[in-house]
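There are 2 protein chains.
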Amino acid sequence: MADHNNQTIRVGLLGLGTVGAGVAQILLDPKGRHPLLSELTLHRVGVRSLDKPRTLSLPPGVLTTDLAALVHDPAIDLVVEVLGGLEPARSLMLQAIGQGKHVVTANKAVMARHGAELFQAAQAQGVYVLMEGAVGGGIPIIHPLKQALGANRLTRILGIVNGTTNFILTQMTQGRGDFATALATAQSLGYAESDPSADVEGEDAADKIAILATLAFGVQVNRQQVYCEGIGGIQAVDLRYAERLGFQVKLLALAQRQGEALDIRVHPTLISQDHPLASVQGVQNAIVLGGEPLGEVMLQGPGAGAGPTASAVVGDVVNVAATLRADSGYHPLLGSGLTTPMPQLPTDAVQTRFYTRILTQDQPGVIGQLGTCFGDQGVSLASIVQIGSHEQLAEIVVVTHRVREGNFWLALAEIRQFPAVAAIPTVLRVWS
Amino acid sequence: MADHNNQTIRVGLLGLGTVGAGVAQILLDPKGRHPLLSELTLHRVGVRSLDKPRTLSLPPGVLTTDLAALVHDPAIDLVVEVLGGLEPARSLMLQAIGQGKHVVTANKAVMARHGAELFQAAQAQGVYVLMEGAVGGGIPIIHPLKQALGANRLTRILGIVNGTTNFILTQMTQGRGDFATALATAQSLGYAESDPSADVEGEDAADKIAILATLAFGVQVNRQQVYCEGIGGIQAVDLRYAERLGFQVKLLALAQRQGEALDIRVHPTLISQDHPLASVQGVQNAIVLGGEPLGEVMLQGPGAGAGPTASAVVGDVVNVAATLRADSGYHPLLGSGLTTPMPQLPTDAVQTRFYTRILTQDQPGVIGQLGTCFGDQGVSLASIVQIGSHEQLAEIVVVTHRVREGNFWLALAEIRQFPAVAAIPTVLRVWS
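From first to last, the protein sequence lines are chains L and D.
Going by this note's numbering, the first residue of the first sequence is number 1, and it counts up by one from there.
Going by this note's numbering, the first residue of the second sequence is number 1, and it counts up by one from there.
Simulated from the structure, these hints should not be mistaken for laboratory data.
Every clue listed holds true.
Counterexamples of contact, computed for chain D against chain L with all Cβ distances above 10 Å:
id, residue
1, R10
2, P53
3, H72
4, P74
5, L86
6, E87
7, T181
8, G282
9, V403
10, L412
Stretches of chain L that chain D covers, calculated by requiring three or more beta carbons in the stretch to come under 8 Å of a beta carbon on chain D:
id, stretch
11, 22-34
12, 274-281
13, 308-322
14, 418-432
No residue lacks a Cβ here, since even glycine has one placed at the ideal position from N, Cα and C.
Looking at chain L on its own, in the form it has when it is part of the complex (with noise of 0.2 Å):
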């Protein structure tokens, strides 16, 4: 591996497919990001074909399509796999753990299946695998699960790990056609691939609850023996029946300890409407994790995705560059107060919307008069209405659109004059 003592760190990028796409972007254009994202160079990315046309523009001389000699490169500290899939996935990761390199991978897949070999071999060369990115897209869990969480007797996990069959559920839930018609609304917005059988059939959440359930109750999956169960049977006429029930249908991916075994599985699923994955919407991923004396805490956000998925994968990458930074001052937990000075807005300043409740003698013109007042003093207005009365004062509310602060006051002083103004008891702000 490469000295990297005060010279930059060097990422081999496998894959420049959307993630990795996604990747490099964040790579190329460090700036207001964490730091140490500008002490990387993007050194090689490796592709299978170099004439595809491509919108991202990179350094010339990087792109190359000898994979494994990517991955043997001396000069490269650590790889990036986004192929996806299992080959040459996992052998390329294979040996790049065993030239020392760290390794950062989104490959749920690989991580599923032959985690444990990577782990032993990552844990024999004294390098990382990182793969913040395998599960949940942008939403920090793999992390959690192994530092934050590390206290506790974790019990359960329940999620929604899935966009794509999230989304057609969805659809379907809200009346918009039926599965082949939802999957094909999903295929036209590039939320289901053009094979969807990885995500329909329910193998693509499989391999993320076996991936949580590792690291959650410290035991090894048998991939293969993950019950697993898609949507494709579902029928529109089953989710209006559970809706009258008082449920919604998702596909859960759930891990339990039942006494000294594992309840591990994935398949579409009643919910109760009060559980809170039950108003889990679209593309979005949601995951509970349950244990002692935690009890429950619940992690969502976009599941997929270029974005998402990039940001998690590079997190993984600042991490590992932290740790390789570690005699420059940085800490591999990233410890360090490394702050810049920066002005805060004073109140008068700020731009929100405004409620307010005031109370005015009950004859005519009162509303025209508050809303000529707010007008001269630049407050757009987006209601204003005779609520109720209270003791035999008009109770008028007011909410504004987006405003100046300092506007707002100065308005409200001048109504606070008006002689048909009796009291102006609450001012709340409105968020937007």
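Using the hints, position chain D against chain L.
Same frame as chain L, now just chain D:
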């Protein structure tokens, strides 16, 4: 600092209140948690008084009132500070750092005001100051900001980070009294302190958003300049009107980049009922992080209490322990796959609830026959209804209680043979 190769890692605990007792409990009962916890000893526990009655039974000789001696004890490798309050917590942490000890803290007040000072001292000594427990209780938020999300340009943090005020607002929204009544309920349930001002006035939330903004944006936050408005003035009538307008009222802590300035504030806020934060109830906390290319993630869970906060604190302890044990196969990022075999439950042995839709001839007695057959196989039913009809057949939907899968399938095989049964188009599982 002690030499810690091949010997136990010694923890000094400052404080044995709610969180401290939770921390001690985990450290004294490591089985089934992260394996590194069994290499830790609770060496000293610093308290204000030895005479206070305690339910927790500690090893003899561990309790001490000499807090300064604890942080100077050369046998101690890491100090856990859960005293709360500014002093002596800050000084003791600085002394511990000065002695080359790692520090784990849940002290948001100190970290929001003196974080830079502590991190600088830690950097100079090459030790960690970790603070996962300072924000969001058991929700992993500090580590993700530092690690998994480091590749992003973060632009926005929006959170419900104070459980006490969220509980009070939830009570008021549900019509369970005005502010004073809801506060009294919170106090009687242990959700609010006898002096609730730091929570109610928003100062606790302001500490937390200052910490999060520092990490997310890499900027110095002037805690005194964080605009902070509490919920003491909220009237039940405004919660009702807000609901009529399509909003919920939450105490939001928010920080966002506005050009070259930071917009950071805490105030009660109307938030659209469609927003995921609007449905965060009771003492739950939730934090939404937005950035590029991530999009948005939401992290939700129990924001306070002994168990969740202790879970986060001890998670940090495990992290420190891993860096101390780096030479015996543990990596600072806890990357290795230390796993043990665990049998996986065969599908037949799984316990679950079922939903099934059965098409039958529309004749009397069919529902009774179905019910009897399920009962004979030990399958207890939650409901059995004729929900519709389809091509002159009756559509019967059955929802079971939790049953052994094998029994359910036996019953279903028998039912398939009933002359009146035309088809069983759907079998789905139900989560409970």
